[in-house]
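Chains as they are written, first to last, in this note's numbering: chain L, 1 to 226; chain E, 1 to 226.
Just so you know, the hints here were simulated from the structure itself, not pulled from any lab data.
Be aware that a few hints might be false.
Think about it this way: if two alpha-carbon atoms lie no more than 27 Å apart in a straight line, the pair counts; the simulated DSSO-like pairs of lysine-lysine are [stated by the list, open to error]:
#1 L/K131 <-> L/K195
#2 E/K208 <-> L/K208
#3 E/K131 <-> L/K210
#4 E/K208 <-> L/K131
#5 E/K195 <-> E/K131
#6 E/K131 <-> L/K131
#7 E/K195 <-> L/K195
#8 E/K210 <-> L/K131
A few chain L residues facing chain E, derived, Cβ under 8 Å [stated by the list, open to error]:
#9 E35
#10 L38
#11 A103
#12 E171
#13 L175
#14 D176
#15 K195
Where is the CB? At the ideal position from N, CA and C, for every residue including glycine.
Listed here are the chains, written in short residue letters.
There are 2 protein chains.
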Amino acid sequence: MAAPTTFSGEVWAELRLADARDVPHIYSLIHQMAEFELLTDLFAATHELLTSTLFPTPQPAPFTSFTALILDLSPSPVPASADTVSSLRLDLAASPLADPEAAAFPSPRGGGHVTAGFVICFPNYSTFLAKPGLYVEDIFVRAPWRRHGLGRMMLSAVAGRAAEIGMGRVEWCVLDWNQNAIDFYEQMGAEVFTKWRICRLTGPALDKYKGTGSGSQEVKDAGKAE
Amino acid sequence: MAAPTTFSGEVWAELRLADARDVPHIYSLIHQMAEFELLTDLFAATHELLTSTLFPTPQPAPFTSFTALILDLSPSPVPASADTVSSLRLDLAASPLADPEAAAFPSPRGGGHVTAGFVICFPNYSTFLAKPGLYVEDIFVRAPWRRHGLGRMMLSAVAGRAAEIGMGRVEWCVLDWNQNAIDFYEQMGAEVFTKWRICRLTGPALDKYKGTGSGSQEVKDAGKAE
Chain L
1 MAAPTTFSGE
11 VWAELRLADA
21 RDVPHIYSLI
31 HQMAEFELLT
41 DLFAATHELL
51 TSTLFPTPQP
61 APFTSFTALI
71 LDLSPSPVPA
81 SADTVSSLRL
91 DLAASPLADP
101 EAAAFPSPRG
111 GGHVTAGFVI
121 CFPNYSTFLA
131 KPGLYVEDIF
141 VRAPWRRHGL
151 GRMMLSAVAG
161 RAAEIGMGRV
171 EWCVLDWNQN
181 AIDFYEQMGA
191 EVFTKWRICR
201 LTGPALDKYK
211 GTGSGSQEVK
221 DAGKAE
Chain E
1 MAAPTTFSGE
11 VWAELRLADA
21 RDVPHIYSLI
31 HQMAEFELLT
41 DLFAATHELL
51 TSTLFPTPQP
61 APFTSFTALI
71 LDLSPSPVPA
81 SADTVSSLRL
91 DLAASPLADP
101 EAAAFPSPRG
111 GGHVTAGFVI
121 CFPNYSTFLA
131 KPGLYVEDIF
141 VRAPWRRHGL
151 GRMMLSAVAG
161 RAAEIGMGRV
171 EWCVLDWNQN
181 AIDFYEQMGA
191 EVFTKWRICR
201 LTGPALDKYK
211 GTGSGSQEVK
221 DAGKAE
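Using the sequences and the hints given, assemble the complete structure.
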């Protein structure tokens, strides 16, 4: 069953665990996200890297390591499977939704489902709590599907799963000029921290430290090191 | 051999992988850090939680999951072991160092070593790079041992190890008013991002999402969800 390009009436959204068959769409969605954030110069993902890093063999249990979730939309109800994390019924009767890219995003699960978004998350750790938390690296929904409660459904679902498995907190980042997003997150109960800044070593600035963590007995003069 | 409380002449620092024997000192150091940051109200760690979350059985390979490193100081050279990540010789000839707490921090490795700090780090993930990175949750050195190049040694060592195992970046957080730390990190080659804000769901605000990520087929009206 081919995916439609216009959705109307009832549409079923499923957030489910991804597998390696989803890599081509994950790649395309990450690229769309990079375009949206004007950061395509930082984009270096490949199908091969995504496959090896997100879907290693053996695959760790969901939410215990890097975890990819896929948002699929379907014109008919989606039977829950072991991979289902959350689902939502959209009522588009009043306003049909055009998804010109639908033909480019057929879900590998078939059934006329269309892939419309993804989540990447992984455990982090709080020393004060002495507990793991969940860090949400990305939540992305393709443009035609925004403002239908899908982002809320996705974030609620991963927060719910984190709470259920005993994680102490869920964290993510937002750009300080994105007031709509900040309002939305605060409405969901999140605290937005204004004082903390992220520091990053990458590229040549990181490579220059190779050899300083080699496990060999490296002896330096303290005066030179500071 | 008992640990001295005053160190002079040459002193050897070793950054090494921690094990469950280090939990009592890790606990005390986290508490000192909470006091330093005026955040003791958030402190909820226990020996039992630290042991079960940082030192599970089987223990994952270092830097592939939550990883604790310990900084030990010794008045005599420390032979490198499989657990050594980095080491540094300090020359205190010009200015002996008093460590009044030394007797409370004997290293469980013995040999008159004194535990003076710790690092907690774990992998994170960059979708743009499609690669793991390393997130440094904490780097802490007890007060008497600061300003001797030990923080630089510790951060360099974990950055070096991350680069060597193919990670794409190393990240951590700093408070925006801590200009000394910001200057130090920038001097080490890090970029400090001014636009990103951390969002956090925790406590009751997180618990209310239990049941939304249950894997059951949950059907909501889209209008109500947004």
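Now the hints, each set against the structure:
Among the hinted pairs, L/K131 with L/K195 is consistent with the structure: their alpha-carbon atoms are about 23 Å apart, no more than 27 Å. With a CA separation close to 45 Å, the supplied pair E/K208 and L/K208 exceeds the 27 Å bound. Taking the CA atoms of E/K131 and L/K210, the gap is near 17 Å; set against the 27 Å cutoff, the hint holds. Restraint check for E/K208 and L/K131: the C-alpha separation of about 19 Å stays at or below 27 Å, so the hint holds.
Only pairs whose Cα atoms come within 27 Å are accepted, and E/K195 paired with E/K131 is accepted, the gap being roughly 23 Å. Taken as a hint, the E/K131 and L/K131 pair is honoured in the structure, with Cα atoms around 24 Å apart against an allowance of 27 Å. Proposed proximity of E/K195 and L/K195 is supported: the alpha carbons are some 11 Å apart, at most 27 Å. The hinted pair formed by E/K210 and L/K131 meets the criterion: a straight-line CA distance of about 17 Å does not exceed 27 Å.
Residue-level restraint check for L/E35 is violated (minimum Cβ-Cβ distance to chain E is 12 Å; threshold 8 Å). Hint status for L/L38 relative to chain E: violated, with the closest Cβ pair at about 12 Å, above 8 Å. The interface hint given for L/A103 is broken, as the beta carbon of that residue sits about 24 Å from the closest beta carbon of chain E, more than 8 Å. Taken as an interface hint, L/E171 checks out: its beta carbon lies about 5 Å from the nearest beta carbon of chain E, inside 8 Å.
The closest approach between the C-beta of L/L175 and any C-beta of chain E is roughly 5 Å, which is under the 8 Å cut-off, so the hint is satisfied. The criterion of a C-beta within 8 Å of any C-beta in chain E is met by L/D176, whose closest approach is roughly 5 Å, and the hint holds. Checking L/K195 against chain E by beta carbon gives a least distance of about 5 Å; that is within 8 Å, so the hint holds.
The structure fails to meet hints 2, 9, 10, 11 from the earlier list, while all remaining hints are met.
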